[in-house]
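Student: Residue numbers (the working numbering): 1 to 319.
The reader is advised that the hints may include incorrect statements.
As the list claims (entries may be wrong) - FRET-style restraints, in silico, Cβ to Cβ:
{"id": "1", "residue 1": "Glu-225", "residue 2": "Gln-5", "range": "33 to 43 Å"}
{"id": "2", "residue 1": "Asp-249", "residue 2": "Ser-117", "range": "35 to 45 Å"}
{"id": "3", "residue 1": "Ser-117", "residue 2": "Arg-297", "range": "49 to 59 Å"}
{"id": "4", "residue 1": "Leu-25", "residue 2": "Tyr-250", "range": "44 to 54 Å"}
{"id": "5", "residue 1": "Asp-202", "residue 2": "Leu-300", "range": "54 to 64 Å"}
Calculated directly from the structure, the hints in this document are not laboratory data.
The C-beta atom is built at its ideal place from N, Cα and C for all residues, glycine as well.
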Amino acid sequence: MMKGQAKSIVLIKANKLRLVDTAYLADQDNDVLVKTIATTITPGLDRLLLTNKPVSHRVINYPIMLGSEMIGQVLETGPGVTSVSPGDFVFTFKGDRWKDIEPYYGCHAEIVATSESNILPLGRAPIHRDLLIGLLGYIVSAIEKARLEPSSRVLILGLGSVGLMAAEYLNSIGITNIDALENFGIRAQIGKVHNIGMEMTDFNESFNDRYDLIIETTGRILLIEKAIRMLKHGRQILLMGNYEVLAYDYRLLQHKEPVLICSSITEYHHIQKARELLEHPDIDSEKFFTNVFPVDRFELAYRVALDSKEAIKTVISWV
């Protein structure tokens, strides 16, 4: 049995993040205790949780712990654990052995207790790009659901971390006809895309009926109504944003008969593939990391991650 307390970033109630001691209890044979090196902030989802906006049918029971991307080192393991040993480095995407709080992923803590199924062995000392494994795994999972060929044309709505990584992955698999809508100039400059529009109206009539896939990443579902004119008949819209309300007027879309793909499921094999992809230079990981803050400045880290136009991936250091 592994039990104790760990410093953790907890959302006590809406708009009230605190650094507190949180108890954990890992009493299953396949449980693992991990010492945290760094975590990242996921702005789209975290913004909705911070403001107590509905993100699913699931009721938010405060207090909750955020954080779904973490690199760390194994401290202890249960007797049934076979994939890692104490001292091994891992990527962790969920901490689910907390007491008295709801682990909404639950990785923002100095020590994370979790099950073996929630960790990915790295086989070496971690580097900062390992923090992108979860993000890239999400992209891989989503893109595989789309019917694409090398000649496919893609429009990405929004070049935050999801949009930028989608462009990176698409280029790495040979799909290079990519345009984007993005009103933050710095993101437009570093995205692997061709045509950039600051506003939807920047895409004139020559872009109508052009794209085989439109990827929505902004969390503003109504953008698909404005972008639908640019989709080829019967082609696909991939929803990858975090939506407060998933409501649109289908009458404004039906003439194109689009295939709507909702993707939020990342399976373990997607995480494994993401780790492998990040080992190769085809994925430019350096540009994603824009800010690093020590844990005692977590409030500033969240302000920057949620409000700064320049921020892409904000890292919290726990060592």
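Student: It remains to establish, for every hint, whether it holds in the given structure.
Tutor: Cross-check of the supplied hints:
no.	hint	result
1	Glu-225 <-> Gln-5: 33 to 43 Å	49 Å, violated
2	Asp-249 <-> Ser-117: 35 to 45 Å	41 Å, holds
3	Ser-117 <-> Arg-297: 49 to 59 Å	32 Å, violated
4	Leu-25 <-> Tyr-250: 44 to 54 Å	47 Å, holds
5	Asp-202 <-> Leu-300: 54 to 64 Å	34 Å, violated
In summary, the numbered hints that this structure violates are 1, 3 and 5.
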